[in-house]
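Whole structure, please, built from the sequences with the hints as guidance.
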Amino acid sequence: MLALALSVLSSTWIFVVFKLYDIYKVQTLVAIIINYITACTVGFLLYDGPIGISEIMDTSWAWGPLAMGVLFITIFNLMAKTAQTLGVSVASVATKMSLVIPVVIGLIFYGEHLSFFQIIGILLALAAVYFASLKENGITINRKDLILPILVFLGSGAIDASIKYFEEKHLTDQEIPIFSSMVFGCAALSGLIYVGLGSKKQSLKLNIKNIIGGVALGIPNYFSIYFLIRALRSNNWSSAAVFTLNNVAIVMLSTLLGILLFKERLSIKNWGGVALAVISIVLVALF
Numbered sequence: 000m001l002a003l004a005l006s007v008l009s010s011t012w013i014f015v016v017f018k019l020y021d022i023y024k025v026q027t028l029v030a031i032i033i034n035y036i037t038a039c040t041v042g043f044l045l046y047d048g049p050i051g052i053s054e055i056m057d058t059s060w061a062w063g064p065l066a067m068g069v070l071f072i073t074i075f076n077l078m079a080k081t082a083q084t085l086g087v088s089v090a091s092v093a094t095k096m097s098l099v100i101p102v103v104i105g106l107i108f109y110g111e112h113l114s115f116f117q118i119i120g121i122l123l124a125l126a127a128v129y130f131a132s133l134k135e136n137g138i139t140i141n142r143k144d145l146i147l148p149i150l151v152f153l154g155s156g157a158i159d160a161s162i163k164y165f166e167e168k169h170l171t172d173q174e175i176p177i178f179s180s181m182v183f184g185c186a187a188l189s190g191l192i193y194v195g196l197g198s199k200k201q202s203l204k205l206n207i208k209n210i211i212g213g214v215a216l217g218i219p220n221y222f223s224i225y226f227l228i229r230a231l232r233s234n235n236w237s238s239a240a241v242f243t244l245n246n247v248a249i250v251m252l253s254t255l256l257g258i259l260l261f262k263e264r265l266s267i268k269n270w271g272g273v274a275l276a277v278i279s280i281v282l283v284a285l286f
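In numbering that gives the first Met the number 0, the protein residues as written are 0 to 286.
Since the hints were derived computationally from the structure, they do not count as laboratory data.
Please note that the accuracy of each hint is not assured.
[What the hints assert, rightly or not] Here are the simulated DSS-like cross-link-like pairs (lysine-lysine), alpha carbons at most 27 Å apart as the crow flies:
#	residue 1	residue 2
1	K24	K268
2	K24	K262
3	K204	K24
[Claimed, not checked] Distance ranges between label pairs, derived from CB positions:
#	residue 1	residue 2	range
4	I22	E111	18 to 26 Å
5	A79	K168	25 to 33 Å
6	I207	M56	35 to 43 Å
7	R232	F261	47 to 55 Å
8	I22	P49	40 to 48 Å
Where is the CB? At the ideal position from N, CA and C, for every residue including glycine.
See the structure below:
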């Protein structure tokens, strides 16, 4: 329970930092790459064991961080493109609705079971994500742009499903810090390659503001993954319950923090989404 709560707090802080980027004009792409470098460094500092290329390459999960690192930076850019083209609401809904993918995979491939009330809770969670993310004008998507939220949905679900797969099949408790660190390190490398390929198109600045922004994001980013893997290793809940509670609690808490810290206004539908989130958490957690 504690690991899940810490994962939720870490992930929610990420949204707060993104909001502060806009306020203080932090260059997002530079900060994101520094964030991944910071998260990688935190993992190495926490790892209690030998750190060497040969030791890492001998593990059964060595190929995983490379694939997930590329996926991380790709989905980040797709999320940014979706938010710019269709709005933040669409990007948020597509990202959080992806909890369906690891839930279904957990039921099919890992033999997990859900009670009737948990199934109702998960359905309410999906509705909660949708309504909590709606803006005043609702969500409208042109058919030609539909591919963007679909790719974000599939990519975000693939990330969660990959985390579950490696936690279930490959990782020991001792390896969680170094695995998380390697994922972020590969994401940083992918980001640097992306910047190198597109450097002529944009002016990137490595200044103190962007560095602080990256570090402020990197520490909670690391712990959001670290504590999520810890929560998945718990015997208290199935992975379906963990992913549902994690995603819905993040939506609910980030929405409330938006009101308290940034004076955001919620519509009746938004408040309805928060209420559904509370109900879904109760149903999934208690039953």
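Practice task
Report the numbers of all earlier hints that the structure fails to satisfy, in ascending order.
Solution key: 1, 4, 7
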